[in-house]
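A.B. asks: These protein sequences, in sequence, are chains A and B. Position in the first sequence (first residue = 1) + 5 = this note's numbering. Position in the second sequence (first residue = 1) + 25 = this note's numbering.
The hints are simulated quantities; they were obtained by calculation from the structure and are not laboratory data. A portion of the hints provided could be inaccurate.
[To be verified] A few chain B residues that don't get close to chain A, going by computed Cβ distances all over 10 Å: (1) Tyr-104; (2) Leu-128; (3) Cys-166; (4) Asp-192.
[To be verified] With a cut-off of at most 30 Å between alpha-carbon atoms, the simulated BS3-like pairs for lysine-lysine come out as follows: (5) Lys-109/B to Lys-19/A; (6) Lys-39/A to Lys-19/A; (7) Lys-99/B to Lys-122/B; (8) Lys-98/B to Lys-130/B; (9) Lys-86/B to Lys-57/A; (10) Lys-75/A to Lys-29/A; (11) Lys-95/B to Lys-80/A; (12) Lys-80/A to Lys-130/B; (13) Lys-179/B to Lys-80/A; (14) Lys-123/B to Lys-109/B; (15) Lys-123/B to Lys-29/A; (16) Lys-65/A to Lys-39/A; (17) Lys-80/A to Lys-19/A; (18) Lys-167/B to Lys-152/B; (19) Lys-29/A to Lys-152/B; (20) Lys-152/B to Lys-162/B; (21) Lys-162/B to Lys-179/B; (22) Lys-39/A to Lys-80/A; (23) Lys-80/A to Lys-162/B; (24) Lys-130/B to Lys-99/B; (25) Lys-109/B to Lys-86/B; (26) Lys-29/A to Lys-80/A; (27) Lys-162/B to Lys-29/A.
Cβ atoms here follow ideal geometry from the backbone N, Cα and C, with glycine treated the same way.
Each chain, letter by letter, is given below.
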Amino acid sequence: MKLTGAQIDDLTGKVFRTIISNGKDGILQSELWKELDLTSRDGSRVAIRLEKRSLIRREKMLENGRWTYKLFAIKLPVDTQSIEQAPCLTCAVEHMCTVEGSYSPNSCNLIEDWLIQSFNNHGIANQDPQQKDGQKIEQQKPSVAVSNEK
Amino acid sequence: MRSVEYEDSFVKIAGLIGGEEYVKVARALLNTEDVTDEEIASATGLRINIVRKVLYDMFGKALISGIRVKDEKKGWFVYRWRAKQDQVDNFIENQKKKILDRLNKRLEYEESAEFYHCGNRDCPRVKFDSAVELFFKCPNCKGPLNMVDNTKVKEALRYKIEHISADISSRK
Numbered sequence: 006m007k008l009t010g011a012q013i014d015d016l017t018g019k020v021f022r023t024i025i026s027n028g029k030d031g032i033l034q035s036e037l038w039k040e041l042d043l044t045s046r047d048g049s050r051v052a053i054r055l056e057k058r059s060l061i062r063r064e065k066m067l068e069n070g071r072w073t074y075k076l077f078a079i080k081l082p083v084d085t086q087s088i089e090q091a092p093c094l095t096c097a098v099e100h101m102c103t104v105e106g107s108y109s110p111n112s113c114n115l116i117e118d119w120l121i122q123s124f125n126n127h128g129i130a131n132q133d134p135q136q137k138d139g140q141k142i143e144q145q146k147p148s149v150a151v152s153n154e155k
Numbered sequence: 026m027r028s029v030e031y032e033d034s035f036v037k038i039a040g041l042i043g044g045e046e047y048v049k050v051a052r053a054l055l056n057t058e059d060v061t062d063e064e065i066a067s068a069t070g071l072r073i074n075i076v077r078k079v080l081y082d083m084f085g086k087a088l089i090s091g092i093r094v095k096d097e098k099k100g101w102f103v104y105r106w107r108a109k110q111d112q113v114d115n116f117i118e119n120q121k122k123k124i125l126d127r128l129n130k131r132l133e134y135e136e137s138a139e140f141y142h143c144g145n146r147d148c149p150r151v152k153f154d155s156a157v158e159l160f161f162k163c164p165n166c167k168g169p170l171n172m173v174d175n176t177k178v179k180e181a182l183r184y185k186i187e188h189i190s191a192d193i194s195s196r197k
């Protein structure tokens, strides 16, 4: 079945996103086609299209005695995951934030709330029973609630 | 709103620093080069004062640049704005470094002493020495001060510091 222009466009986005999600390691064409349920004909067309747009590079390599291509994104989008939801990004007094100042990272509740939330989301706290106990104690004593330090 | 997951980094960072309004303005800036605030307002449906607020903030963060040109019809000067996409990666890396620095300082502080607190969110935490001087009474609300268990905060700090450090070094 021949793909329409719109289908190819849609597919191009999907292929590109999959290549990007493999980061610096890249992905073998054959694995990519399997993952997206594509024929090698359609897949190759999309890969060549991305290469022409300078979005990916194709490296020829021998895999299990057969020649194939490995696809790499030329420029990986910058990863913002580690600082997502960080209060400093939207803080109105960020420029005045210093250890000795009135606004200090040592006493910032917003930073603390963000850290605890990220930590909980990551699920590390649930792995260690001792940490779980620590969490219970902390919930009774709201130590996170500080605005200034003496 | 469309997901920003697969958006251009410029739109992504706009979303991080200001949310939906910033994302709309960022998309409008990418769609048209050298665009005025009024054009952005009509393209996005946002109020002109909101668009200006977003533009000035992004300009302050060096994410966009503006040039002053004379409007031939009206005869006054207007600013035309352009996204500085090449600055996005630097901006994000700098933010990561700044946040990492703050977290390292906070961890050092959390490890430096025992803390006491009355349980009231608006009141300050005090170090042991100060708590003794205050006879274990909150300097703010005069409630009794109890020792604070900051184990989880320290764990969370170590986790985040490791996460951001790995992120920074992976791009080197």
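A.B. asks: Flag every earlier hint the structure violates by its number, smallest first.
C.D. replies: 2, 4, 7, 8, 9, 11, 12, 13, 19, 23, 24, 27
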